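Protein sequences appear in the order of chains A and B. Counting along the first sequence from 1, when you hit position 215 you're at 215 in this note's numbering, and nothing is skipped either side. Counting along the second sequence from 1, when you hit position 203 you're at 1203 in this note's numbering, and nothing is skipped either side.
Simulated from the structure, these hints should not be mistaken for laboratory data. These figures come from a predicted structure and were not determined experimentally. Beta carbons are placed, not taken as given, at the ideal position from N, Cα and C, and that holds for glycine. Some hints could be false.
Label pairs and their calculated CB-CB ranges [said to hold, decoys possible]:
# : chain 1 : residue 1 : chain 2 : residue 2 : range
1 : B       : R1163     : A       : E37       : 21 to 29 Å
2 : A       : T217      : B       : G1141     : 31 to 39 Å
3 : A       : I168      : B       : R1088     : 50 to 58 Å
4 : A       : D252      : B       : N1056     : 27 to 35 Å
5 : B       : D1008     : A       : T217      : 29 to 37 Å
6 : B       : E1079     : A       : D197      : 49 to 57 Å
7 : A       : G183      : B       : G1086     : 37 to 45 Å
What follows is the residue order along each chain.
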Amino acid sequence: MAGPSTHPLIETMTQRVLLCDGGMGTQLIARGLSPGESAERWNLDRPDDVRAIHRAYRAAGCDLLTTNTFQGTTTALAQHGAARDVDAINRAAASLAREVADGAWVLGDVGPFGGFLEPLGETSAQELRDIFHRQIAALIEGGADAIVVETMSDHAESRIAIQTARQIADLPVLATFAFQPAGSGIYRTMMGVSVPDAITAAIEAGAAAVGANCGTTLGLDDYRRLAGQLLEAAGPTPVMLQPNAGSPEMVDGTLIHPAGAEEMADLARDLAAMGLRIIGGCCGTTPDHLRAMGQAIAARA
Amino acid sequence: MRGTDTLDALTAAIEHGRRDEAVALMRAAVAAGEPPRKMLDALAAGMADVGRRFSNEQAFIPEVLTAARAMKRSMAVLEPVLVDAGIRPEFTAVIGTVQGDLHDIGKNLVAMMWKGSNYAVVDLGTNVSPETFIEAAGDYGADVIGLSSLMTTTLPAMQRTVRALRCAGLKARIIVGGAPVTSSFARRIGADGYAKDAAAVVRETRRLMPAG
Chain A
1 MAGPSTHPLI
11 ETMTQRVLLC
21 DGGMGTQLIA
31 RGLSPGESAE
41 RWNLDRPDDV
51 RAIHRAYRAA
61 GCDLLTTNTF
71 QGTTTALAQH
81 GAARDVDAIN
91 RAAASLAREV
101 ADGAWVLGDV
111 GPFGGFLEPL
121 GETSAQELRD
131 IFHRQIAALI
141 EGGADAIVVE
151 TMSDHAESRI
161 AIQTARQIAD
171 LPVLATFAFQ
181 PAGSGIYRTM
191 MGVSVPDAIT
201 AAIEAGAAAV
211 GANCGTTLGL
221 DDYRRLAGQL
231 LEAAGPTPVM
241 LQPNAGSPEM
251 VDGTLIHPAG
261 AEEMADLARD
271 LAAMGLRIIG
281 GCCGTTPDHL
291 RAMGQAIAAR
301 A
Chain B
1001 MRGTDTLDAL
1011 TAAIEHGRRD
1021 EAVALMRAAV
1031 AAGEPPRKML
1041 DALAAGMADV
1051 GRRFSNEQAF
1061 IPEVLTAARA
1071 MKRSMAVLEP
1081 VLVDAGIRPE
1091 FTAVIGTVQG
1101 DLHDIGKNLV
1111 AMMWKGSNYA
1121 VVDLGTNVSP
1131 ETFIEAAGDY
1141 GADVIGLSSL
1151 MTTTLPAMQR
1161 TVRALRCAGL
1171 KARIIVGGAP
1181 VTSSFARRIG
1191 ADGYAKDAAA
1201 VVRETRRLMP
1211 AG
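Please construct the entire structure, taking both the sequences and the accompanying hints into account.
This is the structure we're talking about:
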């Protein structure tokens, strides 16, 4: 069995910059997902819409398609009364992406479980391992090629998710954190975890690539600065970044992610030049943004 | 230890989330017959201090949660004394995360900050409809209503809730906050106050409703 160091995904990312996909939630909302509705239920109830979003990102040139399972743990699904469908939802999500992958890799998406670990919260490390195990096993059964542990704030939680994934299967695990400005040009997660602490924890837990996604009140220049700090913290480990299309603003009662495709393409070009190996998008990014970003990356290669 | 030293130490123990020490100091202060109002102020000061560091990005969610836990346990020691002294909660606050939004961390932090300032807090939870806000505000005689939202997609629900509360003719002041909420948005939707984070909410409540 090939170890993750020789996994084709990892090999390819040493040869060229990979384009990850962009926002899922904002695409689902554009297709009618209501606030408070479970996005993950759509894997069972509206499979055609989910598939169409994956297909659009693939057509835009994305090398990595992320499953619609950000809140797909039992605990997160329980908020919508959908906990008992955890296996079916995650399996279906992975196969929907798989069906339209057309040569792209499918990343099984794992987000925060929705609570706090002991002693801050009431969930033990073993309970959390079980929570992540359930989701990740179903994602792999459904056909995920790799796992991405994303939008994490607590490095202990991220570490448990990464280790659990690594124990289930010999697949690459990518790990990203959500940062916010923390004064004097540095960034921390909302739990106060610094960039070096987050990145070191993820690497030690066995992540094949590490970085950031989403975040709070980050403009495009914040992402450039953050990328530098990620690279410094990661050393030889490949770095990935999935920025939002700028920090959201309300304009005339409508929510706008201010960055257009051209600005995001400029950002992607800069990030690739800095040495990032996986570049994608998060909230507010669309297939159009990703297409422009992919072209910008390819043009400089 | 002199009385003021005990209370200063209590404030510091709350701020740094040293729960057992805070409870012991609270008991000592009660045993020494410290004025109830002063003991209450010492608790609130501890929460305000950690809140200030939170606003300045020097403290984060874990620090605020552990401070709140120390405050809560100390408050349990103090409560019977307050009752005996006839000191009642200063205001009644009703709080919830707006409809369509299931996030509760920010809302919980605000509730703790209010509790630490001796407000009676009615927590309606997450995904709260405008009707539920109106009903609870009426039932509990709310002086202030806190609306929280984490997701940009639920800002319209916040706007609807403010409008519904106004139409219902409630006198309570409305404070809005949460990651995507800005002061200009708060003004535009007709809220009375805006708090950029959980620490700012106590300052904002004081501004809107000066004590005494």
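Against the structure, the hints:
1. B:R1163 / A:E37: 21 to 29 Å: This hint holds: roughly 22 Å between Cβ atoms.
2. A:T217 / B:G1141: 31 to 39 Å: 36 Å, holds
3. A:I168 / B:R1088: 50 to 58 Å: 55 Å, holds
4. A:D252 / B:N1056: 27 to 35 Å: With Cβ atoms ~33 Å apart, the hint holds.
5. B:D1008 / A:T217: 29 to 37 Å: 35 Å, holds
6. B:E1079 / A:D197: 49 to 57 Å: 39 Å, violated
7. A:G183 / B:G1086: 37 to 45 Å: 44 Å, holds
Consistency with the previously given hints fails for number 6 only.
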